[in-house]
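J.: Go ahead and model the full structure; you've got the sequences and the hints to work with.
Protein sequence lines, in the order shown, are assigned to chains A and D. Count the first sequence with this note's numbering and you get residues 1 to 212, in order. Count the second sequence with this note's numbering and you get residues 1 to 212, in order.
Do not rely on the hints blindly, as some may be mistaken.
Copies of the same chain are indistinguishable here, so a pair counts whether it falls within one copy or spans any two.
The calculated EDC-like cross-link candidates involving lysine to aspartate or glutamate, where the alpha carbons are at most 16 Å apart (straight line), are [what the hints assert, rightly or not]:
hint	residue 1	residue 2
1	K70	D108
2	K70	E111
3	K189	E159
4	K70	E35
5	K189	E23
6	K70	E23
7	K70	D24
8	K189	E127
9	K189	D108
10	K189	E26
What the hints contain is simulated information worked out from the structure, not anything from laboratory work.
What follows is each chain in one-letter form.
Protein chains: 2
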Amino acid sequence: MLSQVESSEPHVHFRPHQFLMREDEEPAVIFQIDEGWACRYRQLSDGRRQITALYLPGDYCDPQWALGRKPSQPIVALTNVRASCLPCRPPTTSAGGTQSAFWLSLNDMIERQTNWLVTLGRKTALERVAHLLLELFERLRRSGLTYGQQCAMPLTQMEIADMTGLTPVHVNRTLQLMRTRGLVELQAKWLRIPDLGALRQAAAMRAQGVAA
Amino acid sequence: MLSQVESSEPHVHFRPHQFLMREDEEPAVIFQIDEGWACRYRQLSDGRRQITALYLPGDYCDPQWALGRKPSQPIVALTNVRASCLPCRPPTTSAGGTQSAFWLSLNDMIERQTNWLVTLGRKTALERVAHLLLELFERLRRSGLTYGQQCAMPLTQMEIADMTGLTPVHVNRTLQLMRTRGLVELQAKWLRIPDLGALRQAAAMRAQGVAA
DNA sequence: TGCTATCCTTCACCTATGTTGGTGAGCGAA
DNA sequence: TTCGCTCACCAACATAGGTGAAGGATAGCA
Numbered sequence: 001m002l003s004q005v006e007s008s009e010p011h012v013h014f015r016p017h018q019f020l021m022r023e024d025e026e027p028a029v030i031f032q033i034d035e036g037w038a039c040r041y042r043q044l045s046d047g048r049r050q051i052t053a054l055y056l057p058g059d060y061c062d063p064q065w066a067l068g069r070k071p072s073q074p075i076v077a078l079t080n081v082r083a084s085c086l087p088c089r090p091p092t093t094s095a096g097g098t099q100s101a102f103w104l105s106l107n108d109m110i111e112r113q114t115n116w117l118v119t120l121g122r123k124t125a126l127e128r129v130a131h132l133l134l135e136l137f138e139r140l141r142r143s144g145l146t147y148g149q150q151c152a153m154p155l156t157q158m159e160i161a162d163m164t165g166l167t168p169v170h171v172n173r174t175l176q177l178m179r180t181r182g183l184v185e186l187q188a189k190w191l192r193i194p195d196l197g198a199l200r201q202a203a204a205m206r207a208q209g210v211a212a
Numbered sequence: 001m002l003s004q005v006e007s008s009e010p011h012v013h014f015r016p017h018q019f020l021m022r023e024d025e026e027p028a029v030i031f032q033i034d035e036g037w038a039c040r041y042r043q044l045s046d047g048r049r050q051i052t053a054l055y056l057p058g059d060y061c062d063p064q065w066a067l068g069r070k071p072s073q074p075i076v077a078l079t080n081v082r083a084s085c086l087p088c089r090p091p092t093t094s095a096g097g098t099q100s101a102f103w104l105s106l107n108d109m110i111e112r113q114t115n116w117l118v119t120l121g122r123k124t125a126l127e128r129v130a131h132l133l134l135e136l137f138e139r140l141r142r143s144g145l146t147y148g149q150q151c152a153m154p155l156t157q158m159e160i161a162d163m164t165g166l167t168p169v170h171v172n173r174t175l176q177l178m179r180t181r182g183l184v185e186l187q188a189k190w191l192r193i194p195d196l197g198a199l200r201q202a203a204a205m206r207a208q209g210v211a212a
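T.: Printed below as a string of structure tokens:
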């Protein structure tokens with residue numbers, strides 16, 4: 001269950017439920033996920049848990065460590081994960097400016113986090129789940145990890161619940177409803193979205209271009 | 001209702017409900033709030049609104065503009081606001097490194113945003129309101145804007161609702177409950193916290209040092 | 001082959017919060 | 001002074017989502 005990081009190692013592997021980083025630990029490196037999924041979360045003393053970030057292939061983990069604070073939340077692998085280790089200092093803004101992939105990725109993460117504030121604060125269960133599936137699909141698509149209208153979806157309903165602020169039971173109800181409405185097909189850890197536009201509308205997201 | 005920014009002007013003023021920045025506008029400057037409160041929000045097409053950030057005196061507004069993207073959410077003054085205009089380019093990481101006040105402030109903002117994800121996803125109404133009042137008090141205290149156990153609290157119950165993801169009616173119920181429990185005294189836009197520890201516990205926040 | 005654990009699914013019931021529709025106090029403008 | 005507006009506050013009722021419990025499918029493993 002302990003992370004096996006050697007800071008000199010260029011690559012590391014993690015198994016499901018293994019920690020990439022524990023709370024308040026001093027990060028030695030920033031990971032870049034090559035393969036697999038991970039998440040950051042906080043757990044309250046009575047057991048309530050909220051996932052606060054999802055890390056997919058290509059993502060830096062966690063970019064904000066570059067801003068110079070200890071992680072206040074643990075990061076754990078959701079699937080088998082292969083990751084590269086980057087030095088914890090960020091690329092200087094002088095070299096590449098704020099446009100470097102790294103800083104843009106931090107920007108994306110903040111933007112996603114802000115969108116989740118809106119979803120958790122104001123949206124219904126169906127809108128929340130739709131938002132999640134849509135975000136997953138579009139992030140994977142940008143990394144070339146979708147196949148037509150399909151992509152992998154290894155999350156359990158309990159993990160979906162911890163992302164969306166719902167209970168597993170209600171996630172199940174909601175997924176059933178979405179299935180009967182033809183919004184998603186979801187089985188065997190594989191997601192198919194018959195009509196991306198319909199799902200976007202169901203998610204009450206801002207309209208969005210088709211830009212890759 | 002239009003912002004009166006002259007990018008050459010070192011100081012600007014805004015009245016309540018006046019925009020500091022509109023959606024998708026190209027920011028010419030980053031404001032630093034000298035006095036007054038402002039917020040960033042998103043409004044859904046059916047009117048639901050969620051406030052996603054609060055800007056208090058001393059805060060940069062918005063620090064993430066320095067990362068090089070257009071603001072996707074409007075920013076509006078909640079009270080009379082006086083602000084200074086800073087160039088939109090961030091201090092280079094070479095000069096001052098990531099420890100500069102500016103980057104630390106961005107880091108704080110991300111941290112606060114993450115904490116709100118947990119609150120909106122998993123906490124009860126009372127915990128949410130407690131979290132908000134506590135955060136306000138402690139941020140103001142760090143800026144020397146508290147007086148003993150008291151501080152200003154210009155937010156209307158509707159604005160509290162839009163921060164906490166509740167309805168104004170339920171915010172009212174919750175505040176009444178907190179009053180009867182002696183957790184807060186709140187009247188005439190002025191907040192008094194008789195027992196900070198009790199309020200922290202009610203907010204289900206992580207324990208926290210007394211560090212200024 | 002059976003054992004165990006995890007996950008998905010469904011049911012009946014419950015409650016925290018939303019909704020609707022009021023009241024009255026305060027305050028600025030005319 | 002009255003009008004118009006915002007805001008705090010209250011009450012009755014409605015509902016989305018939570019709770020607790022149970023059964024069935026699937027997969028790893030001895």
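J.: With reference to the structure, classify each hint as holding or not holding.
T.: Hints versus structure:
no.: 1; hint: K70 - D108; verdict: between (20 Å within a copy, 12 Å between copies)
no.: 2; hint: K70 - E111; verdict: between (21 Å within a copy, 11 Å between copies)
no.: 3; hint: K189 - E159; verdict: within (13 Å within a copy, 41 Å between copies)
no.: 4; hint: K70 - E35; verdict: neither (25 Å within a copy, 30 Å between copies)
no.: 5; hint: K189 - E23; verdict: neither (29 Å within a copy, 37 Å between copies)
no.: 6; hint: K70 - E23; verdict: within (8 Å within a copy, 32 Å between copies)
no.: 7; hint: K70 - D24; verdict: within (6 Å within a copy, 32 Å between copies)
no.: 8; hint: K189 - E127; verdict: neither (21 Å within a copy, 35 Å between copies)
no.: 9; hint: K189 - D108; verdict: neither (26 Å within a copy, 36 Å between copies)
no.: 10; hint: K189 - E26; verdict: neither (34 Å within a copy, 41 Å between copies)
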